[in-house]
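Chains as they are written, first to last, in our numbering: chain L, 4 to 438; chain E, 4 to 438.
To be clear, the hints were calculated from the coordinates, so they are not data collected in a lab. A hint or two may mislead.
Identical copies go unnamed one by one, so any copy, or any two together, can satisfy a pair.
In the DSBU-like style, the derived pairs of lysine-lysine whose C-alpha atoms are separated by at most 30 Å in a straight line are [unchecked claim]:
1. K28 with K101
2. K126 with K7
3. K341 with K126
4. K28 with K346
5. K149 with K28
2 protein chains.
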Amino acid sequence: METKIIKAGLLGLGTVGTGVYKVLKAQESEMTAKIGCQVRIKKILVRDIEKASRKVTDPDIVITDRWEDVINDPEISIIIELIGGTGVARRYIEEALKAGRHVVTANKDLVAQDGGMLLDLAKEKNLDFLFEAAVAGGIPIIRPLKQCLAGNHMAEVMGIVNGTTNFILTRMTKDNMEFSEALALATELGYAEADPTADVEGLDAGRKVAILASAAFNSRVTFDDVYTEGIGSISAKDIRYAREMGYDIKLLGVARNTESGIEAYVCPMMISSSHPLASVNDSYNAVFVTGDAVQDVMFFGRGAGELPTASAVVGDVFDVARNILADCCGRIGCTCYKQLPIKKMADTRNRYFLRMKVEDRCGVLAEMMTLFTRYNVSIEQMIQKDTKIEDCAEVVIITDEVREGDFRTAMRELAESPSVRKISSKLRVCADTRR
Amino acid sequence: METKIIKAGLLGLGTVGTGVYKVLKAQESEMTAKIGCQVRIKKILVRDIEKASRKVTDPDIVITDRWEDVINDPEISIIIELIGGTGVARRYIEEALKAGRHVVTANKDLVAQDGGMLLDLAKEKNLDFLFEAAVAGGIPIIRPLKQCLAGNHMAEVMGIVNGTTNFILTRMTKDNMEFSEALALATELGYAEADPTADVEGLDAGRKVAILASAAFNSRVTFDDVYTEGIGSISAKDIRYAREMGYDIKLLGVARNTESGIEAYVCPMMISSSHPLASVNDSYNAVFVTGDAVQDVMFFGRGAGELPTASAVVGDVFDVARNILADCCGRIGCTCYKQLPIKKMADTRNRYFLRMKVEDRCGVLAEMMTLFTRYNVSIEQMIQKDTKIEDCAEVVIITDEVREGDFRTAMRELAESPSVRKISSKLRVCADTRR
Numbered sequence: 004m005e006t007k008i009i010k011a012g013l014l015g016l017g018t019v020g021t022g023v024y025k026v027l028k029a030q031e032s033e034m035t036a037k038i039g040c041q042v043r044i045k046k047i048l049v050r051d052i053e054k055a056s057r058k059v060t061d062p063d064i065v066i067t068d069r070w071e072d073v074i075n076d077p078e079i080s081i082i083i084e085l086i087g088g089t090g091v092a093r094r095y096i097e098e099a100l101k102a103g104r105h106v107v108t109a110n111k112d113l114v115a116q117d118g119g120m121l122l123d124l125a126k127e128k129n130l131d132f133l134f135e136a137a138v139a140g141g142i143p144i145i146r147p148l149k150q151c152l153a154g155n156h157m158a159e160v161m162g163i164v165n166g167t168t169n170f171i172l173t174r175m176t177k178d179n180m181e182f183s184e185a186l187a188l189a190t191e192l193g194y195a196e197a198d199p200t201a202d203v204e205g206l207d208a209g210r211k212v213a214i215l216a217s218a219a220f221n222s223r224v225t226f227d228d229v230y231t232e233g234i235g236s237i238s239a240k241d242i243r244y245a246r247e248m249g250y251d252i253k254l255l256g257v258a259r260n261t262e263s264g265i266e267a268y269v270c271p272m273m274i275s276s277s278h279p280l281a282s283v284n285d286s287y288n289a290v291f292v293t294g295d296a297v298q299d300v301m302f303f304g305r306g307a308g309e310l311p312t313a314s315a316v317v318g319d320v321f322d323v324a325r326n327i328l329a330d331c332c333g334r335i336g337c338t339c340y341k342q343l344p345i346k347k348m349a350d351t352r353n354r355y356f357l358r359m360k361v362e363d364r365c366g367v368l369a370e371m372m373t374l375f376t377r378y379n380v381s382i383e384q385m386i387q388k389d390t391k392i393e394d395c396a397e398v399v400i401i402t403d404e405v406r407e408g409d410f411r412t413a414m415r416e417l418a419e420s421p422s423v424r425k426i427s428s429k430l431r432v433c434a435d436t437r438r
Numbered sequence: 004m005e006t007k008i009i010k011a012g013l014l015g016l017g018t019v020g021t022g023v024y025k026v027l028k029a030q031e032s033e034m035t036a037k038i039g040c041q042v043r044i045k046k047i048l049v050r051d052i053e054k055a056s057r058k059v060t061d062p063d064i065v066i067t068d069r070w071e072d073v074i075n076d077p078e079i080s081i082i083i084e085l086i087g088g089t090g091v092a093r094r095y096i097e098e099a100l101k102a103g104r105h106v107v108t109a110n111k112d113l114v115a116q117d118g119g120m121l122l123d124l125a126k127e128k129n130l131d132f133l134f135e136a137a138v139a140g141g142i143p144i145i146r147p148l149k150q151c152l153a154g155n156h157m158a159e160v161m162g163i164v165n166g167t168t169n170f171i172l173t174r175m176t177k178d179n180m181e182f183s184e185a186l187a188l189a190t191e192l193g194y195a196e197a198d199p200t201a202d203v204e205g206l207d208a209g210r211k212v213a214i215l216a217s218a219a220f221n222s223r224v225t226f227d228d229v230y231t232e233g234i235g236s237i238s239a240k241d242i243r244y245a246r247e248m249g250y251d252i253k254l255l256g257v258a259r260n261t262e263s264g265i266e267a268y269v270c271p272m273m274i275s276s277s278h279p280l281a282s283v284n285d286s287y288n289a290v291f292v293t294g295d296a297v298q299d300v301m302f303f304g305r306g307a308g309e310l311p312t313a314s315a316v317v318g319d320v321f322d323v324a325r326n327i328l329a330d331c332c333g334r335i336g337c338t339c340y341k342q343l344p345i346k347k348m349a350d351t352r353n354r355y356f357l358r359m360k361v362e363d364r365c366g367v368l369a370e371m372m373t374l375f376t377r378y379n380v381s382i383e384q385m386i387q388k389d390t391k392i393e394d395c396a397e398v399v400i401i402t403d404e405v406r407e408g409d410f411r412t413a414m415r416e417l418a419e420s421p422s423v424r425k426i427s428s429k430l431r432v433c434a435d436t437r438r
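This is chain L alone, in the form it adopts within the complex (with noise of 0.2 Å):
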């Protein structure tokens, strides 16, 4: 029997897409047997071709920097774009998905922008629109939420997605490092990029959280409507505060359904020590998912990274092939069948740990404490720590739950307090909703 092969054109050849022709070519043998084709690398998109040919030796493959050649070609049934960016990336898939190719993609800003346009797009075509390299790299995440799991309703998403931050906080935590040094030693081992805004902000984390969300309750949420705060405020002494009460910081994206909305943030937080998110260290990802039937379940894995991110490309090309074979293209798209609301980050309620400097004064604390009832933010745990600088006290404070706006507002009115020399940090807590 003749092997069917189908054709694929690569777009960008950069860390994802060399290990993508990698893994392709890794697979070859054995790819009649596994997926009952082979899938055929055409052409790549690239803009340095020479650079390209260096790295791409194949006679059969051509590389060329007109995207109209790849996209247009009718022999190519899956575009598979890794350039990234909501750029020209959002324009070739459009022109791909329009000229009737199948696409895969591990550009999380567009797919968290842009990801219900194109999945209806793909839908009136009949095609399939993959993106599971978009959230944690190689771990499978989109595919368990809306196959493995269908059987749930889905409560809450929390997962460590940025592996950048991560290692960050880990060296911060177990080096004791301050901010600025672990930057400079993620920058010159490679974990973080020249510009690091991205990740230390929590605006990838924050993509990733709005297409979990996304797939987790079946109703859209894009990037905008998630809240992101970066770790660069964290000191060593927060870390150690959190380790002596039994909780570790991490960057954490959340994503809950509730009753009155869906919350999405992504924010630097206190989780229990004995959390399973607790000990993803280093690079590594991880995705906590909470359902009424599968109660707790966790992927964890390499959030990023050449093999680990194509692994996860190569999975949904090779979903694709399997459909194109068996005539089922497009079986499972969209599935945001709901309009749920997006919550505002002032109507969340978490715990928060508040770190700070008053007067070291009968009454201070008193004074405080009357603050805090006028603005509903009760006390579940104070120390006042005895190292006394200029007059000050150093107080910490965990708070009970509290709504996000009454405790800004709080925190406002404390910062004007005479008596408070400098609030040194607010951090919120993560409730530990295992079941």
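Given chain L, work out where chain E should sit, using these hints.
Here is chain E on its own, set in the frame of chain L:
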């Protein structure tokens, strides 16, 4: 538009059967939006109709004790087998497939024994035969292995896939209990069955290893191929020694794809406390997978229980329904296209932990070393404890990697040596293959 209804027959209404009934009911309102149709249970096969009628009150559901009524009903497209075991369950599944019904099952015993045959039978008829729930309850692992991670050559699958024994070992570790005490507690709390043999002896885990290995290595491994050892001989003292040396003791299922064949075994092992599997406690399960592209990935969650297992079953049922609607049933069937040899346990290699009482006199250690050297056993670490009882010293050894067969011979000879009073325990030490 009229809602399409797909009818299912449920075989068994025990814990998981009841869970599936509940989960399908809980999904009713959004099932059509989610998967494009309603899946409704039409008939349930039970032994005790009266008892079942108290659990299931829907007037539309027929409860019967005649299997033919369920399997031969031409309106029923999907048979959900939740009786378990390799007796009648096997017959019913075969009859169902022959009658053209898709089958979803949680039956690990059967899949580990006859999975290949049943998948072949399903393929002949273009039917789905799915068994996500057969391994690690609610945790998605079969579909991730067959689809999401299909771009990998898998090197290793290692898991804690029995909740009962993990609960027992956790209590022994955390509460310093002996095995019998922890087993009694597990029985009291309902984690252990009245006859705990299948769990405690590693047989249940062995079945799951067979299924995992088959899916991961694309080569059929049956339960007969899996070597099993139980946890009955583990003592609290072993656990204390292990922890002193930076290890935890877990009942691990291990499947390894080596050049000289597949290794598949279940046994209590020492695993580095820093390994993600070491912190999987209580009745939780986890499966740690290593592939050439994805590197390390771990799946963690509830390995048993009414609703978690039902979550996996319903995920499969929804997948069948989606396949029926897209007319692509049998899209992914048996993926065992290789015939790799199974390595004999005697030919596997592991490091060993050895605890024994030897005569406390000059020259004894030298004798032992000579004996070890004869069988290629070299020592990585040795501790002689100063606890002397009746002129004996307790010696704890960790060996370098040694061929199992050689080690066994050395042990037999050692046991006969007059200087050795007792070999208190020998435990394999898990190689840390994290990348």
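Hint by hint, here is what the structure shows:
| no. | hint | result |
| --- | --- | --- |
| 1 | K28 with K101 | within (29 Å within a copy, 39 Å between copies) |
| 2 | K126 with K7 | both (25 Å within a copy, 20 Å between copies) |
| 3 | K341 with K126 | within (17 Å within a copy, 36 Å between copies) |
| 4 | K28 with K346 | between (46 Å within a copy, 28 Å between copies) |
| 5 | K149 with K28 | both (29 Å within a copy, 19 Å between copies) |
Consistency note: the structure conflicts with none of the earlier hints.
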